[in-house]
Each structure stands twice: as C-alpha cells, then as structure tokens.
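Generate the whole structure from the sequences, applying the supplied hints.
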Amino acid sequence: MSHRITPALLAQLDRVRHDFAKAFQVLRDTRTLSATNTFQAYLRVPDSDLVIALHAPSPWADDPTIRAVVANYDGEVVLDETADGSSPLSGRKAGGNGQRYAQVFQRRPEVNVVIHVHTPYLGGWASAHRVLPIRYAASQRVTLARELPIYIDRRQPEQAFIVERIEQNPYTPAILEANGGATFWGESLLQVSKLILLIEEGAHFQGLAELFGGSQEFGPGVLEQQWKMTGLWAQGQKLLERVA
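Residue numbers 1 to 244, in full-length UniProt numbering, belong to the letters of the sequence shown in order.
Quick caveat, the hints were computed from the structure, so don't treat them as lab data.
One should not assume that every hint holds.
Said to hold, decoys possible - Capping the alpha-carbon separation at 25 Å, the derived lysine to any residue pairs in SDA-like fashion look like this:
(1) K194 - H55
(2) K194 - G75
(3) K238 - V131
(4) K194 - E147
(5) K93 - G75
(6) K228 - E110
(7) K228 - L144
(8) K194 - T65
(9) K22 - H116
(10) K228 - V243
(11) K93 - N112
(12) K93 - H118
(13) K194 - Q25
(14) K194 - S58
(15) K194 - R67
(16) K228 - A160
(17) K22 - L9
(18) K93 - P57
(19) K194 - S127
(20) K194 - K93
(21) K93 - A160
(22) K194 - A35
Here's what the structure looks like:
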C-alpha cells in the first residue's frame, strides 16, 4: 500500500495536522470540549477512496503529538502514524477510521470533513434526546439550518442517518448523538471547527434559558439581519418563502 503515499497526500497531511492542532487548542482553551478531549476529524483525500483520521490526545497522554491514520473505505490502512515507525500497515483496527464515515464521503461529494466531538451543552441536549432548535443569533448567521436533529436508534448506522438527514435538508450541518456527543460536517476542518464553537455556545445559552421558560424564536427581522451579515440572505429568503 506504500505506493499510495504520494507527495500530494503528504502535503495534505501536513496541512490537516496544523489545522487540527489549532482547532483542538481553541476548542480546548475555550472549554468547548468535554474533559475527555473527544475530538476526531475524518477528511476526504481528493480523487481517491482514502480518509485521513486524526484524534485529539487523551488528557492522560504522555505524548500530545497529533498523529494521523490514513485508510480506505474498506478499512485497509495505508499509513498509521500511531504505530512505531509510522510504516504502512494493513489489516489493523485502525482501518475503522476509513470505514466510519465512508458512506457520507461516497454519497455526499460536498462533504470534505466529518468531525465527531463531545461538548458539555450539546452533550446535555443529546442526553435529553431533544432536537436542538437554533435560537442563538451568532450561530444562526452562519447556517441556514434551523435545528440539529437527534440520532437515537443506533441499529441504523450513524453514517446512514447522516446521509438521510442531509437528503432531507441539505443545509443540516450536524446531528446530536443521543446519550453521547455530536457529529458535524462541512467543507474544511477549520470551517467546521468554528461552527462547533458557535453551536456549542448557543446550546449553552439555550440551556440556561430553560431556567426562565425556554429560549424563544427570533423576533421580526432577525433572520434577515443575520443572514445578510454572512451573504446567506438570498438563499434564506427562499427558504422562508417556502415555509410561509
């Protein structure tokens, strides 16, 4: 499998290690991540059936170095940096990194990265088995989705549930994993990580609002105001006309 380790792949590995380390530091320092540092990114390798997977180091790890696994959709490992010598290996448990979200990458060409993450307040909503309505202006301005669905029945594979939700609403950027964390997806590692920060902040505020009767829908003009700030208004207006 070593013939698949091309200069383009090595260059992508360098970029994603840097972006992952930056995202991990920001999410950890802002206390967006839970104490266990559950933060895992799975990235498409262009024009191939390969996935680059990176996991944040455990808080107990003696060596915090960010290492990657490269595997294909069938679970064959091309490169495992978590093994001594970083040599190409095959048939290891690490191959599951390539299989985990393979269906998402195969069925949704617009998705370049999938991130699984545990955060305190999204975890709270997930444990309550509640859909998260997006009622925080700062997070709403960067997405046309109005809610995050909840994944409860694990007899259906998570990746199949994600594909199903995107087919129902292509603007959906994430799901809540009942009794667990959340899974986000999008164009790039940093773009998705920034969304995680904003959505978790909104879940925090909306969780606090439960003490006062619950968060309320946006007032008149708020969606137009927010979406105009990020260039989403033209699309958002069409969505609102459909609902009306």
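Structure-based check of each hint:
no., hint, verdict
1, K194 - H55, "holds (17 Å)"
2, K194 - G75, "violated (29 Å)"
3, K238 - V131, "holds (24 Å)"
4, K194 - E147, "holds (17 Å)"
5, K93 - G75, "holds (8 Å)"
6, K228 - E110, "holds (23 Å)"
7, K228 - L144, "holds (12 Å)"
8, K194 - T65, "holds (22 Å)"
9, K22 - H116, "holds (16 Å)"
10, K228 - V243, "holds (19 Å)"
11, K93 - N112, "holds (23 Å)"
12, K93 - H118, "holds (22 Å)"
13, K194 - Q25, "holds (12 Å)"
14, K194 - S58, "holds (21 Å)"
15, K194 - R67, "holds (21 Å)"
16, K228 - A160, "violated (33 Å)"
17, K22 - L9, "holds (20 Å)"
18, K93 - P57, "holds (18 Å)"
19, K194 - S127, "holds (23 Å)"
20, K194 - K93, "violated (30 Å)"
21, K93 - A160, "holds (21 Å)"
22, K194 - A35, "holds (19 Å)"
Violated hints for the displayed structure, listed by number in ascending order: 2, 16, 20.
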